[in-house]
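*Asks:* Read off the chains here:
Protein chains: 2
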Amino acid sequence: MSALEQTQFDKDGLIPVIAQDFETGEILMFAWMNKESLALTIEKQQAVYYSRSRKKLWFKGEESGHTQLIKEIYTDCDNDVILLKVEQVGGIACHTGRKSCFFQKLDAREWISVAKVIKDPKDIYG
Amino acid sequence: MSALEQTQFDKDGLIPVIAQDFETGEILMFAWMNKESLALTIEKQQAVYYSRSRKKLWFKGEESGHTQLIKEIYTDCDNDVILLKVEQVGGIACHTGRKSCFFQKLDAREWISVAKVIKDPKDIYG
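Protein sequences appear in the order of chains B and X.
If you read the first sequence in the working numbering, its first letter stands for residue 181, the second for the next number, and so on.
If you read the second sequence in the working numbering, its first letter stands for residue 181, the second for the next number, and so on.
Same shape as in the complex, but just chain B:
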């Protein structure tokens, strides 16, 4: 059976996806894929997610240029989560202009922003 056939999508046809920097191990973002986006990701060797809010394929970086080039793809013990090891083009994964979406750290029961904005989103998205 092929990898795509073995992969378990949830009742909405989606699977959670973690994107991790291939070199540093930093977790860049979390998103979702449907079967079509996973197939496209494998085919193009570039991350293609499924946007739950826009209800359509999301070619990561199509506006920003911040594409994610696939280095390795993993799944977990239940075949129901995907891990992408990627090269993050432009060094920015987050729509806030930060490298990683996980820039808020728990400190004394509050979320504190601990990563700097590399590029103003206005300059990324025009």
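Since the hints were made in silico from the structure, they are not lab data.
It cannot be assumed that every hint is accurate.
Each pair may be met inside one copy or between any two copies, as identical chains are not told apart.
To be verified - No farther apart than 27 Å at their CA atoms in a straight line, the calculated lysine-lysine pairs in the DSSO-like style are these:
hint : residue 1 : residue 2
1    : K224      : K235
2    : K285      : K215
3    : K302      : K235
4    : K285      : K265
5    : K224      : K285
6    : K285      : K191
7    : K191      : K215
8    : K236      : K191
9    : K296      : K285
10   : K251      : K265
11   : K236      : K302
12   : K285      : K302
13   : K215      : K236
14   : K265      : K296
Place chain X on chain B using the hints.
*Replies:* Positioned in the frame of chain B, the structure of chain X alone reads:
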């Protein structure tokens, strides 16, 4: 507003959680929390998930002894995903006896197991 109040749970009252090895950056597992389990995780400084299959709190390591000691907690730009940086007690996060749940790598369109079993699950769970 406190971190717990700012955290966004989905329509089922759950939030996705990624557990990452604090020292190596290796992604250990993916699971879910509800508000109570996140509060307990912060209070006990030890990972407490919510098991969607068993529909109850899941004190990670309660059977296996493979608890996860919290080093840092992050959330993402939308406050709707949690990242735990943990010390994995026993060096085994996966119920298959491997360090990480993400031990299957895509190779020529098939999932190939690439990590060894550290301890036989029969010896972990008795």
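*Asks:* Any hints from earlier that this structure breaks? Give me their numbers in increasing order, please.
*Replies:* none
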